[in-house]
Amino acid sequence: MTDRTVTLAHLFPELLNLYADQGNISVLRHRMHARGWTLSVTPVKLGSRVDFGSVDMVLLGGGSDREQQLVGRELAIYREDFATAIEAGLPVLAVCGGYQLLGEYYELQSGERIPGLGLLAVTTRAGKGRLIGNIAIEWVSQNGESDGKTIVGFENHAGRTFHDYAPLGRVLKGHGNNGRDHHEGLQYKGVVGTYIHGPLLPKNPHLADHLLAKALAFKGCHEPLDALDDALEWRAHRSVLGMLGVKSGEIRA
Amino acid sequence: MTRVRAQAALWIGRLITLLLRLVGRRGTSLPGLIASRVSPDLLFRLLSQLELCVVVTGTNGKTTTSALLYGMLSDDEYPWLTNRGGANLLQGLLGALLPYADRRGRLLVRRAVLEVDEATLPLVTNRYHPTLIVVTNVVRDQLDRYGEVDGALAMLRSGLQYPGAILLTNADDPLAASLGWERELTYYYGMDECPADEEPRNEVRDGAFCLICGRELQYERYIYGQLGYYSCFSGHFGRPAPHFGGKTDGSSELIIRERVSDHRQEEFMVDAGAPGLYNDYNVLAAAATARLLGRSPRQIQVGAEHYEAPPGRMQMFPGSPERILALIKNPTGANSVLRTLESDERDKAVCFAINDADADGRDVSWLWDIDLERFVLAARCQHYICAGTRALDMAVRLAYAGVDRQRIQISEELPEVLTMTSELDVPVYVLSTYTALYPLGEQLQEAAR
Ligand SMILES: [Zn+2]
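So the sequences go chain by chain: V and G.
Everything in the first sequence is counted per the numbering used here, starting at 1 for the first residue and increasing by one.
Everything in the second sequence is counted per the numbering used here, starting at 1001 for the first residue and increasing by one.
Okay, chain G solo, but in the shape it has when bound:
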């Protein structure tokens, strides 16, 4: 019975994909959604045919890391498939595999980079065992604010329990690193050298407690958010020595030092043209994974050169004015984006598009955990624009961060972002929550033509 259903789901999924293609639409979640309704089994029938599968999970940076990694791994000889653009729930995974299945349900491409939501990971690994799992970081996200990071950690831990699971995780994040405790087949990446904060910023640090004794962690060095060189005062745990160390001076060039074993030490450079310290972590995670899978530094660099930011991850829209679109979805991510803006020394305008639909997080408290006070002082930003259903909350936030109230433009309508910025002669950064991101991306694309 399940076999019949899986076959039916396959045909339905293929049919819808075909029909959508005929009407010129691609990349929607519809085929995966419907096929997974018909048969929850189909996904696992397809997954089980994969020869190599890397899962990328964690709170921030999944989409970018997956896109980078896909570029570093896939070539004409050995093509890979991936779920582009953050469709990271079960139906999204199925939607990514469907186009590569023939009518008998045989996968034609048998290597996959899959971005998987933290809560979905255990559902996947329950029935299918990926080759390698990358955990980017575990930070607070307003979507599950009440259960917070404890819940996310528990889900990741249970998702990593299957025998033979290889884990690559972030040494600089105490919560992500804790996943590797007393565990074989664990590799770490972290920053050896980077321009770090001289003093701790006014940020919420979720990982700042020892998971064993509950005492505050000591930081020898802060990098951003809860990331840094930390240790428990009582010696319960500290930052593990990374197998892949990154070195950056703030440009997009990243030197990677590999220390997987004594007889395998190497140093190579990767430049994906993606600015920002948080992107350095994404590049480092992707390159480390590619190395673990046997790609050469040369192949990795070639892949990185062809990297294009996924929709809404510092996506450039040329024109007058130039507009740059970036997703913000939690304080740590937003602070990272703001730091990248600060490092752009030009005068600029910033538009915050804040919605409060389910996918954005209905609670907008997180806006107050973003370190806007420093940004307002440091960023050479003359124009502030607030849009989205929570434009007014953002405007109040900016006012208390020190922006002159008279200088904040407000419109709850997203299309007005274009008209409100069309006369500006400085670059416009549009920082958007999830549900505003795609409509804005389309509008900006339209305007850039």
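Okay, chain V solo, but in the shape it has when bound:
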């Protein structure tokens, strides 16, 4: 392959930038660069079109309620092409507000429903009180298997999210999707949705590589990703596990 560029579409960065998405992008960029690839980031402002055919990966961040309502109004133009791309396996990372936005609606305390992209059968309702704090989960693959890998970060959301897809993992410490069913996040084909930020990827390099491998595969490239020196990342990862009193067990990148 001559074209060693992965194209990331960063949706609505002017509105959904509440949880340091630059951090996630920075991690993806560096990890691609270290493997001789270039990550090309295309910011997509609300209202401008996306050619999903030329995109290898999508990032949706989180915003404040006000900003999410602004987004909600103008989403219809994306629905069809985006849904087709997801069915074809397009990798999507959707964090916090972006995760909620993949679903059908966000129901406010007043009962008013802010429409989402309607890409997945996911619904979110505002609950009483916010679910805030450091969080650790056990990463469970889409077929329900786990090899003891953990994902750590911080969550801060009023929304309680419900769906029947595979979760991203099982909550070890923290709240997760809704504080009730011990599930955190969502995995469906190439989509990863989660409430975990911090940002998500710097302290979870294995998840970053998982997404990048999916993006390469979606592009038709199946070369393995070389291991990188992630000692510092894992120290930071383990320190969060330590703060939460979770035994780190076996963590492999």
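No lab work stands behind these hints, which were simulated from the structure alone.
Keep in mind that the hints are not guaranteed to be accurate.
[Claimed, not checked] A short list of chain G residues far from chain V (calculated; beta carbon distances all over 10 Å):
#1 1019
#2 1099
#3 1178
#4 1232
#5 1235
#6 1251
#7 1342
[What the hints assert, rightly or not] Residues on chain G that point at chain V, a partial pick, calculated with CB under 10 Å:
#8 1208
#9 1216
#10 1363
#11 1367
#12 1369
#13 1373
#14 1389
#15 1390
#16 1391
#17 1400
#18 1412
We treat Cβ as the ideally placed atom computed from N, Cα and C, and that holds for glycine.
Following the hints, position chain G with the ligand against chain V.
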């Protein structure tokens, strides 16, 4: 009943102050805390006796602006009081007033500069109406990240609603300036001329949207963060013409041009020896307030000359190596501090002390909104040190900003900052979050002796 309680609270507060003084401790929050528990009323009984009261609020720069303003206003003839060091909640205000109350509850000093937390402002102005309110800026702070600036704006707006409130606010910040919309008794300050960015930096700009139509604001010029010369594309709002314009060439000298009315135009210079564009804004806000209260340019300059940085606001600790302590608490503030470091052309070391207690903000995402990439390229910094409970998060952040991983020293223990930097022969900037600031300040003080 409330009267009795207020009297009891006064005596208890005075007693504790006295006892603490006897054991050689001053400036703790204890008397105010306990007295306000006994009587929430006492604060307002004391406030109501003030003849003049300036409240300084906003996200960044409150403490420095208050300290500058206090210096410009207070003299032997007309002494003022102030809540030093950022005790800006209700109990902190009470703690500042208590030492000036006699045993009958009469205030002996009747002019006050009070730094007040944004969320506390409505609680104060609900029952007491200050003469003038200064809003420095309204930017994102990780402490209330989820509600973000919308919540802070709403609290400020409600705090400013009382009749006769005089507002001085920042014309260059679209959110702070929006507080002055369709409002009488509003004055603005802003930068006429300053060394600004040639291109927008990679920063989060919260104010970058029109509050009416939600469209992105157009910037004719960026200054820092969301500050600049902005306007809504649809003409809903733009930067108001400031009554007090600042002019700086990057040194600590600030020329202030006053245009309050046609027959009152003046130009004067203030030098508080405080470097950095964000300090120019603090000096400008303080000087503008002092002018509105009738102080002469000469009195303002004399006050500025005696200015000493409050604890942890670019506080110098001489020695070998020289160490400088600065608070960082949100991306906009941290970027401003980093720019000041960049303008120091010496080789240097930087230590980040990052804690994640409640007062620091438990979510450390904000570290990734700081523009460290530019700093790493521009700052002539050879040594990076990370300390605090979130030292490792900071280290990862630095690694992705381009610092060689092998060159990052890490210790979660704060006292190690001293030992890790003791052999260095370059100035050490220690940038610290709130709960690490005071322990570090004491250690650095100790070492500087
Ligand atoms: Zn507008």
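Hint check:
| no. | hint | in the structure |
| --- | --- | --- |
| 1 | 1019 | 38 Å, holds |
| 2 | 1099 | 38 Å, holds |
| 3 | 1178 | 14 Å, holds |
| 4 | 1232 | 15 Å, holds |
| 5 | 1235 | 19 Å, holds |
| 6 | 1251 | 32 Å, holds |
| 7 | 1342 | 20 Å, holds |
| 8 | 1208 | 7 Å, holds |
| 9 | 1216 | 6 Å, holds |
| 10 | 1363 | 5 Å, holds |
| 11 | 1367 | 8 Å, holds |
| 12 | 1369 | 5 Å, holds |
| 13 | 1373 | 8 Å, holds |
| 14 | 1389 | 8 Å, holds |
| 15 | 1390 | 8 Å, holds |
| 16 | 1391 | 8 Å, holds |
| 17 | 1400 | 5 Å, holds |
| 18 | 1412 | 8 Å, holds |
When the structure is compared with the earlier hints, no violation turns up for any of them.
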